[in-house]
Amino acid sequence: MGSDVKSKPSYQAVEIDPTVGMSLFVGEVDQSSAMDTLSESLSADRKHILHFALTDWAKENADKRAPSALAEAMAGLPMSSKIYVFGTEAFLWDIHQFAVGAGFMSEQVALNEPASTARRVFCTHCYTVMENITETPVVCQGCGLLLLVRDHFSRAHGAYVGLNINAEDPSEIPEKEAL
Amino acid sequence: MSNFTIPVRVSEIKDVAPAIREFTLVADNGEDLLAFSAGSHVVVTMKGEGVVMRNAYSLVSDPNDVSGYKISVRLQEESRGGSVFMHTKVKEGDVLSIAPPSNLFAPYWGAKKHILIAGGVGVTPFMSYIPQLLQSEETVEMHYMFHSSKTGAYVGELAKQLGSQLFCYDSDKGRRADLSDILSNQPVGTHVYICGPQSLIDGVLDTADGLGWPKNAIHFEAFKAPEPGKPFDIELSKSGVKLHVKADSSILETLEAAEVPIESSCRGGVCGRCFVSVLDGDIEHRDEFLSADEKASKKCIMPCVSRATGPSLVLDL
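Chains as they are written, first to last, in this note's numbering: chain A, 1 to 179; chain B, 180 to 496.
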């Protein structure tokens with residue numbers, strides 16, 4: 001979907017950077033084949049592959065701290081390294097945020113095209129964060145307001161803004177559209 | 180020049196290396212000076228005979244102490260005269276005028292480890308880095324290359340602060356740094372800062388690139404002064420004033436000498452403050468500020484370092 005909103009990330013097909021010493025591949029569990037394909041050209045001593053199951057991820061991510069397997073893998077990497085991330089958009093940016101916290105530069109974290117159009121949505125009224133939203137408008141799980149899902153994106157939260165669409169006339173309910 | 184300057188008195192002068200002299204500057208009214216951050220510099224205005232020179236110098240004192248600023252000046256005999264003026268004309272008790280500190284070379288506080296690489300008088304910005312980095316309990320390592328017959332200021336002071344994390348390479352004793360050794364096997368989150376001659380900066384950039392380092396983890400500050408070139412004329416479209424830019428003057432200096440109001444800061448083609456639109460004429464771009472597209476457009480110039488390739492330029496001033 002095209003957007004004029006500058007904060008909406010755009011993604012390019014990721015290619016392997018052969019100049020770095022170590023490559024870390026991090027993906028949700030259903031991304032195995034894409035990860036294997038991209039990492040194929042690297043010898044075993046120059047890559048490390050981590051899989052995260054989606055259900056575990058949502059649970060582990062509740063405290064916004066890198067899962068210990070990921071934290072350990074990142075801490076052991078040399079300066080000459082790169083992280084390749086595969087999964088839903090919210091997952092991509094969570095991993096990006098963990099990596100930056102661990103000292104990586106943004107340019108060292110390559111995000112593949114998100115695996116789906118599902119968005120994490122942040123309610124601007126009650127600050128509730130909702131996962132895997134595929135349609136707009138959506139009823140906020142926190143305050144019950146009807147939210148229009150905007151293209152405005154926070155890289156730190158991996159989330160799009162949700163803004164009440166019918167504040168003046170709550171009986172007005174716009175038709176749902178797929179994101 | 181932005182118009183705000185601070186009069187300062189030279190309270191102490193001392194030699195810190197054979198060709199490097201340190202000046203302590205205090206407020207002429209005896210009050211504290213403005214606070215500054217690690218990596219800051221000031222531009223000193225020097226009034227010579229019939230010529231006004233302005234040079235940027237890093238502050239070499241602890242940012243926690245604003246009772247005075249210290250700057251260190253390397254004598255450059257064959258350059259444009261600012262350092263010769265500082266070394267031969269300036270005496271204790273003299274009053275100089277400085278612009279407030281500004282910073283184009285701040286440490287990256289998100290780093291997990293800082294590697295400082297200094298060449299000769301390039302040690303200067305790190306003199307304000309080290310107290311702040313150590314106070315914040317950052318991991319610091321310094322590699323300092325110099326010729327002890329000319330440079331090599333502050334080795335004792337640095338050794339006291341950094342202990343075993345200071346590595347010195349005195350070319351006059353045949354000691355050379357191996358950049359590849361320095362940059363190999365560094366942990367993720369390491370940032371490198373370089374201050375020194377362009378050859379050192381290029382050497383570190385090439386080595387880091389070959390090792391697969393991310394470009395944004397490398398920070399540098401070159402000693403940049405406007406290089407001379409061919410003389411040419413400038414015309415100011417708004418006032419109709421015509422001026423001649425001499426071979427060893429910059430456009431910025433020519434404008435300042437004619438009292439044309441223009442802002443400036445770094446005077447080395449880095450900060451972008453003195454940006455001027457160009458209406459006509461071909462430009463030799465020498466700055467690091469404008470993008471390749473802006474340079475190709477021929478519509479703007481950084482007058483602190485860049486010049487005309489032809490006989491004249493028309494500026495939108």
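No lab work stands behind these hints: they were computed from the structure.
For clarity, every value in this text was computed on a predicted model and none was experimentally measured.
There's no promise every hint is true.
[As the list claims (entries may be wrong)] Simulated restraints on C-beta separations: (1) 174(A) - 216(B): 45 to 53 Å; (2) 3(A) - 476(B): 26 to 34 Å; (3) 29(A) - 467(B): 19 to 27 Å; (4) 471(B) - 3(A): 25 to 33 Å; (5) 42(A) - 378(B): 53 to 61 Å; (6) 359(B) - 64(A): 55 to 63 Å; (7) 101(A) - 471(B): 31 to 39 Å; (8) 366(B) - 17(A): 13 to 21 Å; (9) 170(A) - 216(B): 44 to 52 Å; (10) 476(B) - 168(A): 45 to 53 Å; (11) 9(A) - 211(B): 17 to 25 Å; (12) 471(B) - 16(A): 24 to 32 Å; (13) 124(A) - 357(B): 48 to 56 Å; (14) 366(B) - 16(A): 20 to 28 Å.
[As the list claims (entries may be wrong)] Dumping the calculated BS3-like pairs for lysine-lysine here, alpha-carbon to alpha-carbon at most 25 Å: (15) 193(B) - 64(A); (16) 425(B) - 478(B); (17) 64(A) - 291(B); (18) 329(B) - 292(B); (19) 478(B) - 421(B); (20) 425(B) - 394(B); (21) 47(A) - 291(B); (22) 329(B) - 270(B); (23) 474(B) - 394(B); (24) 226(B) - 292(B); (25) 292(B) - 47(A); (26) 6(A) - 394(B); (27) 268(B) - 193(B); (28) 421(B) - 339(B); (29) 477(B) - 421(B); (30) 291(B) - 193(B); (31) 47(A) - 409(B); (32) 417(B) - 329(B).
We put the CB at the ideal spot given by N, CA and C, even for glycine.
Here's how the hints hold up against the structure:
Between residue 174(A) and residue 216(B) the beta carbons are some 50 Å apart, a value that agrees with the proposed interval 45 to 53 Å. A beta carbon spacing of about 28 Å between residue 3(A) and residue 476(B) agrees with the range 26 to 34 Å that was offered as a hint. Distance hint check for residue 29(A) and residue 467(B): the Cβ-Cβ separation is about 46 Å, which falls outside the suggested range of 19 to 27 Å. Separation of residue 471(B) from residue 3(A) is about 27 Å and conforms to the stated range, judged on CB atoms against 25 to 33 Å.
Residue 42(A) and residue 378(B) have their C-beta atoms about 35 Å apart, which leaves the hinted 53 to 61 Å range violated. Under the hint 55 to 63 Å, the C-beta atoms of residue 359(B) and residue 64(A), about 38 Å apart, miss the expected range. Restraint check, residue 101(A) to residue 471(B): a C-beta distance of roughly 33 Å satisfies the suggested window 31 to 39 Å. The given range of 13 to 21 Å is respected by residue 366(B) and residue 17(A), whose C-beta atoms sit roughly 19 Å from each other.
In this structure the hint that residue 170(A) and residue 216(B) lie 44 to 52 Å apart at CB holds, the actual value being about 51 Å. Distance hint check: the CB atoms of residue 476(B) and residue 168(A) are about 47 Å apart, consistent with the given range 45 to 53 Å. Checked against the given bound of 17 to 25 Å, the beta carbons of residue 9(A) and residue 211(B), roughly 46 Å apart, lie outside it. Checked against the given bound of 24 to 32 Å, the beta carbons of residue 471(B) and residue 16(A), roughly 27 Å apart, stay inside it.
For residue 124(A) and residue 357(B), the hinted distance range of 48 to 56 Å is satisfied, since their beta carbons lie about 54 Å from each other. A beta carbon spacing of about 23 Å between residue 366(B) and residue 16(A) agrees with the range 20 to 28 Å that was offered as a hint. Proposed proximity of residue 193(B) and residue 64(A) is contradicted: the alpha carbons are some 54 Å apart, above 25 Å. A hinted pair counts as satisfied when its Cα atoms are at most 25 Å apart, and residue 425(B) with residue 478(B) qualifies at roughly 22 Å.
Proposed proximity of residue 64(A) and residue 291(B) is supported: the alpha carbons are some 20 Å apart, at most 25 Å. For the suggested pair residue 329(B) and residue 292(B), the alpha carbons sit about 30 Å apart, so the restraint of at most 25 Å is broken. Taking the CA atoms of residue 478(B) and residue 421(B), the gap is near 19 Å; set against the 25 Å cutoff, the hint holds. The hinted pair formed by residue 425(B) and residue 394(B) fails the criterion: a straight-line CA distance of about 38 Å is larger than 25 Å.
Between residue 47(A) and residue 291(B) the CA atoms are separated by roughly 23 Å; this keeps the pair inside 25 Å, and the hint holds. In summary, the hint linking residue 329(B) to residue 270(B) is supported, as the alpha carbons are separated by about 21 Å, within the 25 Å threshold. Restraint check for residue 474(B) and residue 394(B): satisfied, since their Cα atoms lie roughly 22 Å apart, inside the 25 Å limit. Taking the CA atoms of residue 226(B) and residue 292(B), the gap is about 42 Å. The hint is violated against a cut of 25 Å.
Restraint check for residue 292(B) and residue 47(A): the C-alpha separation of about 24 Å stays at or below 25 Å, so the hint holds. For the given pair, residue 6(A) sits about 24 Å from residue 394(B) by alpha-carbon distance, which is consistent with the 25 Å threshold. Between residue 268(B) and residue 193(B) the CA atoms are separated by roughly 14 Å; this keeps the pair inside 25 Å, and the hint holds. Using a Cα cut-off of 25 Å, the hinted pair residue 421(B) and residue 339(B) is violated, with the two alpha carbons roughly 55 Å apart.
The suggested pairing of residue 477(B) with residue 421(B) holds, with an alpha-carbon distance near 20 Å, which does not exceed 25 Å. Proposed proximity of residue 291(B) and residue 193(B) is contradicted: the alpha carbons are some 36 Å apart, above 25 Å. Simply put, residue 47(A) and residue 409(B) have alpha-carbon atoms about 55 Å apart, too far for the 25 Å limit, and the pair is violated. The suggested pairing of residue 417(B) with residue 329(B) is violated, with an alpha-carbon distance near 48 Å, which exceeds 25 Å.
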